[in-house]
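Sequence lines, in order, name chains G and Y. Take 30 as the starting number for the first sequence in my numbering and just add one per residue. Take 18 as the starting number for the second sequence in my numbering and just add one per residue.
Keep in mind that the hints were calculated from the coordinates and are not lab data. Heads up, a few of these hints could be off.
[Stated by the list, open to error] Label-pair ranges, simulated between beta-carbon atoms: (1) F347(Y) x D318(G): 35 to 41 Å; (2) L177(Y) x R413(G): 46 to 52 Å; (3) S180(G) x G183(Y): 57 to 63 Å; (4) P190(Y) x R413(G): 44 to 50 Å; (5) R227(G) x L159(Y): 45 to 51 Å; (6) R112(G) x F347(Y): 29 to 35 Å; (7) L159(Y) x R413(G): 35 to 41 Å; (8) S51(G) x G339(Y): 43 to 49 Å; (9) E320(G) x V212(Y): 34 to 40 Å; (10) H125(G) x G339(Y): 40 to 46 Å; (11) Y334(Y) x S180(G): 48 to 54 Å.
[As the list claims (entries may be wrong)] Away from chain G, derived, C-beta distances all over 10 Å, residues of chain Y: (12) S56; (13) L65; (14) A128; (15) E134; (16) V148; (17) P181; (18) S225; (19) V245; (20) T283; (21) Q333; (22) S337.
Bear in mind the structure is a predicted one, so any value in this text is a computation, not a measurement. Just so you know, even glycine gets a beta-carbon here, dropped at the ideal spot from N, CA and C.
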Amino acid sequence: MSAAAPATAAATAVEACGIEKSFRGIRALRGVSLRVAKGEARALVGANGAGKSTLINVICGAVQPDAGSLQVDGRTVAIRSPRTAIELGIATVHQHDQLVPNLTVAQNVELGDERSARGVGWLTRGARRARAALELVGLEGRADQTVEGMSLAHRQLVSIARAVSRDPHLLILDEPTAALTPLEAGYLMEVIGRLRERGTSLLYVTHRLQELAEIVDWITVMRDGEVVAERSPAVAEADLVELIAGEGVAVHDQQLAAERRRLAGVTGGTKLLRTAGLVDAHGAFRDIDLEVRTGEVLGVAGLPDSGASELLEAIAGARKVAAGTISLDGRALRSRSPRAAARDGIGYLAGDRARRGVVPNSDVAETVALSALPRHSRGGFLRRRQIAVSTRRRMEECKVDPAVARAPITTLSGGNQQKALFARVLANDPRVVVCEDPTAGIDVAGRESIYDLVARLCESGGAVIWAASDLRELVTICDRVVVLWRGTVVAELTREGLDESSLVRAQFNQGGEQK
Amino acid sequence: MSAVAESRPPGLGAAGAEDPSAARTLRERLRAAFGGPESLVFVVLLILAGALSLASSNFATEFNLQNVGRQTSALAVLCVGVLFVLLVGGIDLSIAGVIGLAAVIAARLAASMSPAEAFLIAVLAATAVGVVNGGLVAVCGLSPIVVTLAMGQALLGVALLLSPNGPIIVDNPGYGDLAASKIGPVPTLVVAALVCLVLGHLLLRRFSLGRYIYSVGGNEQAAWLAGVPTRPVKLTAYAIGGTFAGVAGILLSSRTGSGEATLGSTIMLSAYAAAFIGGVGFGTGRGTVVGVALGAVVLGVISNGIDLLGLNGDWQYIVSGGLIIFAIGFQRAAAQLGWGRG
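Start from the sequences and build out the full structure, keeping to the hints where you can.
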């Protein structure tokens, strides 16, 4: 099969042409074209933010493209909803499954399959189809067990069985192995092999490049919202990593480069924050030893399942650790909550602004003041003048227009919301700010202000721990980046060795300085 | 934030809100001043009062208004407690039981001590119930509906056991003074309710607790990550809810001069009705003391109006039910039109 070039006449299962999609003015997809031939298995790879998920969402109907067309089985179609996609024979197994926990495996597989609801014999027909699908994934013995309490790997298999039971033209698998152990992933590969023997077309999104050679015919590489290459699985892994990271980055980000130059002037301070032997209570990371100096921006990088964001949560007091210590200025902290961490001098700007940052029923001034209320009240009674003065100062510092002080926080743009949240963190005068993807979904001006704030914090003897999926950003603003892979630090890149391709390599645990 | 006008930011889109130089049209100014649910209730109240004054010459008399005040005061106090619990995203269905318990305790104790002491102990018992509710919900993570429903059921049993011979008739002559007396032309009950309202308002507006309560109701996880002690805040909200229910219980008990276990059975739903009419959101962390107080007065006036017009008193439930649906429908419409916090 791998002999067929992507553009040849083999019948097409699904083809996307010139797909464009922007979110709040940020172009996630810039004219992407992708074709999956019948019976073909194609991998879609790329760094975080390359546009893979958006493309998948367009194909499975969860997101409507701004421009471009989709063809299924040679017909141009408009996929207005996930339901349309399913009717057209596009089945998607999302990274986070959509199973109903209190139903059995078989019931979950049959759920929503309307073809089986017609006629008298519907029960047996649906059951037969479900049974066949379960045999394919090797779960026929558990058909009557409820999904609740099953391991992620098993749930993943149930989801695949559900998708397969509809006899799809195209099966999309979105990072199916991300949360699995190597053994489980190996079994999943076997199942995928069986699917291939059946002739199901596959679109397979993954971060684990090692998996690809055995299971796909073609690899499509995306970067910055574009398809940058198509390769056969025979491609050397190192080349693939280069393609994912991109070369000759220089053009685009003078802004970041300038930022780095500015930050370069203020490093080399004294030890500020230190973690020793930090072990997560739920196994997300272990044995983490970090050291952050005053004036330093420490980057933390890693794939979604690497434990990087969990590590940040733990440092910020928002996650329990089973062992190890966090110390600030040589003093061991026992921060059991974000509140305690804030009191100890660690500020936290959580990722996922809408869900974990913004309190939607408050206005901008209330947002900025929220974290610092303990220092602006006596016996619980608010010192309102003090709050007003402090809030105003923080807003000015963070370039939030004072005129919006009484506007609901939700009416602000993403960038301005983020600045207000940064102001909220700074209101406690933290020594260390821990932030997670603080510039996600923010326009250029907003980013600029956030970088400014980081620079100022470092100049005044603070430090920043910065996790981001945008590697270019990490490379540019961080003095040092530690890379996590499956819960441990696998590389530490300092200025000299810090570039995007080495970061990508380290994220995939490919060489780099082993610790 | 206390005045309605102040809590109404301009209902502009993102771009407008960030650009103060953008001219505000008259419509936007009006929205800013009058778009809130509180002002809608106020208008409803004015219309009701106007209509009743025209329909019945007995409405706008000193005697009748004092009567409305007496009838509404316990409801208004109860509403404040309900507000606190709703604001943290919870619900307290035990308040009917708490009212009965407080009334029975006060009535029993009034036989052997001064009414003031009896009232105090009854209210403290109600607070304790609130603390237990809050502990089960906030610390143990149990479902508020189930926990407080069960608690209400259990309290009804306790109150019935404490009054084995039916309602306890209090023969302490001071017991009914709270309900019967007046301060100037204003019934003491109304003064007591006003004190509770002001207290609730201050707690929400002038204390960090209030800010925390709103933030927990708006987005509990974000609030926790921002350093809000979410569990203690929720527990306190339930404790305050229980306390105000206890106060409502003794106000009602003083009016009837007795301690009855089932005293709170109908007023509980009225309190939720008043809260929703007054613009409190369910699980959104929105709502004000001003709003729920106005909601309570609207219900009081409706019930009074139905009496004055000689209609069957049971109509009041149908009217208040319809009013709730109208109120939340209006809120939704306002939200869809982009009226910010509408």
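Going through the hints against the structure:
1. F347(Y) x D318(G): 35 to 41 Å: violated, 58 Å
2. L177(Y) x R413(G): 46 to 52 Å: holds, 47 Å
3. S180(G) x G183(Y): 57 to 63 Å: holds, 59 Å
4. P190(Y) x R413(G): 44 to 50 Å: holds, 46 Å
5. R227(G) x L159(Y): 45 to 51 Å: holds, 48 Å
6. R112(G) x F347(Y): 29 to 35 Å: Between R112(G) and F347(Y), where Cβ atoms are some 33 Å apart, the hint holds.
7. L159(Y) x R413(G): 35 to 41 Å: 36 Å Cβ-Cβ, so the 35 to 41 Å window holds.
8. S51(G) x G339(Y): 43 to 49 Å: holds, 45 Å
9. E320(G) x V212(Y): 34 to 40 Å: Because 57 Å falls outside the window, the suggested range is violated.
10. H125(G) x G339(Y): 40 to 46 Å: holds, 42 Å
11. Y334(Y) x S180(G): 48 to 54 Å: Check passed, 52 Å falls within 48 to 54 Å.
12. S56: holds, 17 Å
13. L65: holds, 29 Å
14. A128: Non-interface label on A128(Y) holds, nearest chain G Cβ at 38 Å vs cutoff 10 Å.
15. E134: Per Cβ check, E134(Y) is outside 10 Å of chain G; nearest 27 Å; holds.
16. V148: Correct as stated: the minimum Cβ-Cβ distance to chain G is 17 Å, above 10 Å.
17. P181: Per Cβ check, P181(Y) is outside 10 Å of chain G; nearest 43 Å; holds.
18. S225: violated, 4 Å
19. V245: The assertion about V245(Y) is violated, with a minimum of 7 Å to chain G.
20. T283: holds, 31 Å
21. Q333: For Q333(Y), whose nearest Cβ neighbour in chain G is about 32 Å away, the distance exceeds 10 Å, so it holds.
22. S337: holds, 26 Å
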